Amino acid sequence: MKSPAFEYIRAESVAGAMSAYAEAGDDVVYLAGGHSVVPSLALRLQAPALMIDLSEIAALSGISFQDGWLRIGAMTRHVQAINDPLIAAQAPLFAAAAPFVAHPAIRNRGTLGGSLAHADPASEFPAAAVAMRVELEIASPKGTRRVPADEFFLDIYETAIEPGEILLAIHVPGPVAGQVIGFDEITRRQGDYAMVGAAVQAVAKDGILQDISIALFSVGTRPTRAVAAQAALMGRVIDDASIADAKAALGDDLDPPDDLQFPATMRLHLARVLLGRILANLEAVA
Amino acid sequence: MKTDITLTVNGDAVREAVEPRTSLADLLRDNLQLTGTHLGCEMGACGACLVMLDGAPVHACLVLAVQASGHKVETIEGLNESGLIKDLQERFHDRNALQCGFCTNGMLMSAQALLSENPMPSRPEIREALSGNYCRCTGYESIVDAISATAKMRSGQTGEVS
Amino acid sequence: MIPSKNHIGQSHRRKNALRHLAGRGRFVTDLALPRMVHAAFVRSPMAKGNIVELDVSEAAVASGVVRVFTAETLNHSCVPWTGTLDHFAGMQSGAQNMLASSEVLWVGHPVVMILAHSRAEAEDACELVMLDIEDEDAVVDGDAALVKGTPLAAEGINSNMCFQTLLETPDLDDAFARAAHVVEGKFTFGRHTAVTLEPRAIVADFDPSTGQLDVHHGTQTPYQFQDVYARHFGLSEGRVRVIAPDIGGSFGMKLHVYHEEMAAVAASLMLGRPVRFVADRLESFVSDIHARDHRVTARMALDAEGGILAMDVDDMTQIGAFSSYPRTSVAEGNQVIRLMGAPYQMPDYRGRLSVVFQNKVQTSQYRAVGHPIACAVTEALVDRAAELLDLDPFEIRRRNLLADDAYPHVSATGYQFEKLSHQASLDKLHQMMGYEALRAEQTALRKQGIYRGIGIAPFVEITNPGASFYGVGGARISAQDGAVIRLTPAGDVHCAISVTEQGQGTETIIAQIVADQLGVTPDQVKVTTGDTDNTPSGGATWACRGAGIGGETALRAGRKLQMQILTLAGEILQADQQHLALASGAVVDKTTGQERITLAEIGRIATYRPDTLPKGSDNSLTAAQHFAPTGYPFDFTNGIQASHVEVDIETGVTRLLKHWVVEDCGRIINPLLVDEQIRGGVVQGLGPAVFEECLYDDMGQMTNASLADYLVPMAGEMPDIEIAHIETPTLDTILGAKGVGEAGTAAAGAAAMNAVNDALRPLGARISQTPMTPLRILTALGHV
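Protein chains in written order, with my numbering: chain A, 25 to 310; chain B, 6 to 167; chain C, 585 to 1368.
Hints may contain errors.
[As the list claims (entries may be wrong)] Taking lysine to aspartate or glutamate and the DMTMM-like style, the derived pairs with C-alpha atoms no more than 20 Å apart in a straight line are:
hint	chain 1	residue 1	chain 2	residue 2
1	B	Lys77	A	Glu80
2	B	Lys7	A	Glu31
3	A	Lys229	A	Asp264
4	C	Lys1242	B	Glu130
5	C	Lys1199	C	Glu1155
6	C	Lys1242	B	Glu133
7	A	Lys271	C	Asp1232
8	C	Lys599	B	Glu133
9	C	Lys599	C	Asp1076
Treat the hints as calculated values from the structure; they're not laboratory data.
For clarity, every value in this text was computed on a predicted model and none was experimentally measured.
Whenever a hint applies, use it, and build me the whole structure from the sequences.
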């Protein structure tokens, strides 16, 4: 399990990284925390000619709040999502998701940006990003742009980031008064990839849902917004009846993969159980 | 082909020329003969290779040696000689919290990090902190006991294992 | 008074643990020798096929590559090995050699060996090998393997049946005919594997100038490998040294002959330089032996009061393309059918065993060989009977477990029990776990929709095997052990012994035993293990024999040296040795305890001033002793385990809340170490009950062959484990110790399965397959 050989550059700026990428051609991989890239090298699933290390670029770090949005630098470590007070206050679903991500030592090194750019459909942060309706700030040689999370995740390990582009930051819209969140997953062991997971963010007024945002993960090729389940809940009180309708609606939202270990029927069943539990707990909070 | 790197390992300034593909674990084990850092899976699943990188435990198999350039690494050899974990080591010894010893490096790293953040962890918290550390021999309970006893002693309680 | 020599029975800490805690372990994986080359293998990507093209020319000239071997260039150096033994009548297996020559027979079968200056370069070169294999229909499923017309799994066999046997008492059919009740079930036990944290590792170092082969080998049985290397490579045994330093876990997996280790030795012999092979984790999953993989159909006949009359069992086990060497792959099945019903007064029995070839990794002996299967089947049926008769699980077992005064006893399957303590264990467990309170809590929680379950499982464990185990079948596997103990010139004690250490504490208990014979502290006894040049020959570590056989060997060697010391002391002191004893590092007066002469002084005189000894004195202060069990074929231990679980009936996820063990391993030498052996064993039983399984698709591909996908038990999911002991020493030995290493594994899964089924019972669901995955539980509940 030794990596194939490659060249390595430690980039000092985003522009420098992008120009090194452009010079090198196609066979390049950006490196952030390395916790997805390095194991795939050990497994010889990829063999890049050049690795451009982004982890020391100062512009990719930092967490700040301005104009109603929280800007989280892409190189923010998972552990910061647990410990940082700004994230806890302004991006609570990241804070709620983080303890579910792998294990403590992984969280010390893995990055939020890396996790989102890697776009593993079984991973926690992408679903939290969708549920929070974050926007992803992407740098390209032509300039930067912001892509809503719903349009960012395209397929397994595939995002709106074009070759050579760099994810700069995650922008989280500030929470609305009365907003509640729920995050949970079903795993066989602590820290495993979930069999099913879900991130929920909701705003209720006098018990009536004004807004509900639900994203599930480990149910398909990307974090999946539960549009039908959201519709089943909007404008209603969270109670047994609305929860049952939302669970039923998941049948329209999800088309889980089918394999011997996890048949599609099992994932759908678990997604319903999990969503029901999260909603029931939301009710208590709201 | 090879890249020059400089880093601090257990307080020593180290300069090495490595292939970029070399993991920090292989650098420590093969170049520096710090064989207390073990390799059990080379994909971040077993925790045998944990080292302190800038003071926090990371998987040395998931960090490239070139990425560690300019940073501070501490291995089990360094932690041992520093005396910082002497009490933890003693409780592991008392409680026989290791058999073959292959996971022990990682267990000590995780334990030390946990206790520095959470001086009085509950048993479930200890188990959670060890959730990425595989031990095939002990059944884990003795490791939990040893960490719990260390926490109690460090905070002035008896540390007797109940 | 003489201070009591009471180190046996005390919780001494392990001195060798200190090295590991300091990061100073010395594993084979850590070893780097001058001019050493690193091995990597090109393996078959498919379960069965014919090699139609193999071109290594590009790999041979790749950067860093020293040599490339194929079957053609390597296999001639090794006498092929065949995993059959005579006492398994009629068994068959094809012969094996290091690299596949024409046919590949499982995914992972090594085809090409590449040696390079680094493992990374060797792996680079593997990617340059052109290997074209014509796919053939693989034999994947054991039942299908036996269907007429199915292709053979390997060459050199005349059917896919490796071995069949039948055990039957004359009155079996009659017992079922007169039974008031019959319960039955079909059970499936998944494949799993050892996943030692240190993978298999070897550094073979042949020196052509002297003809000496040194093999640094992460194995539990160095002497067995000394013999294997000598015979299969045509070397004289005296020129083969096997050194087993610190071993990062073993559990039976590291005593089998593997293609890669043999290839490393062969390559070192040809190159005349050290060759290192360390399996990476991906290789481990497709080349370490797997375990279990049984399908069992069983029924149990009971009388009207719930008395067990008989069991009728059919076990089909699937072992891969070959029987493993040198212990075979049939020993587990053989034990499965003989351990059924073993704790019970059960007069009649029939057991059928079919051991079947298929194109997967070989299975063979792993911790608690056969026990978990027999225990789980027996105890599941006992629980079903209890349910049918409306008896409490404790009550039905109380009625059937062998009485504690019923020994010696011979089981319906022919096992001889010297003396066991089933009934006392049952009572102790009932009290320790607070059974009644747990039942009350269970009832209360069910009303809240929380489903908890309690499962219990009595067991016996085979320990201290004699030569009837392997030796009679023609295997060169030693049932005896040897020790050499010497008093050093400074009065310290050194013991070199053939049993080996993998962290279970062998060296510590040997020091305790020797210390008690020589009146010193364990700290004064240095123990050397794991080196065929520096210790006498013996069986080493397998089948729970370190304490029972190794310990007895050390005890007898210690007593022999004690006599030598006392004789010499008598001569030096001009005293009757009958009046002397050893205590506190000295020869003392047996009656008063008064010191007469220190051991250091005896060492000094014997070594430096033998001229001062009376004429004719023997100044030898070294004693050698070998010991082989000659009493019962095995010293059985017994015990009982209980598991407390909570099943989330919506998600199918099982939480292990608590586990209890009452265990009787005879004389306990070190309670601290015994308890850790039990706990570790329990977790190795719970792992496969809940998590661990080597999953294969219908093409014979293992689909979860990495540590990210194969679920080992981790700290967060394992329960605390409470342990109590009963001590019934064996009278076969002076020491009275039996084995304990496999007891935890033997019954943990059985207890857990009974607990899960207890939780599911009110819902009318039942599970009979391990691991008990969420999918299987949800399926049983009708959710999927």
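Tested hints:
For a cut-off of 20 Å, the pair hint linking lysine 77(B) to glutamate 80(A) stands: about 15 Å separates their Cα positions. Under the criterion of a C-alpha separation no larger than 20 Å, the hint pairing lysine 7(B) with glutamate 31(A) is consistent with the structure, at around 9 Å. Restraint check for lysine 229(A) and aspartate 264(A): the C-alpha separation of about 18 Å stays at or below 20 Å, so the hint holds. For the suggested pair lysine 1242(C) and glutamate 130(B), the alpha carbons sit about 17 Å apart, so the restraint of at most 20 Å is met.
Simply put, lysine 1199(C) and glutamate 1155(C) have alpha-carbon atoms about 10 Å apart, close enough for the 20 Å limit, and the pair holds. Only pairs whose Cα atoms come within 20 Å are accepted, and lysine 1242(C) paired with glutamate 133(B) is accepted, the gap being roughly 17 Å. A C-alpha spacing of about 18 Å is found between lysine 271(A) and aspartate 1232(C), which places the hinted pair at or below 20 Å, so the restraint holds. Proposed proximity of lysine 599(C) and glutamate 133(B) is contradicted: the alpha carbons are some 29 Å apart, above 20 Å.
Distance restraint check for lysine 599(C) and aspartate 1076(C): the Cα-Cα separation of roughly 16 Å lies within the 20 Å cut-off, and the hinted pair is therefore satisfied.
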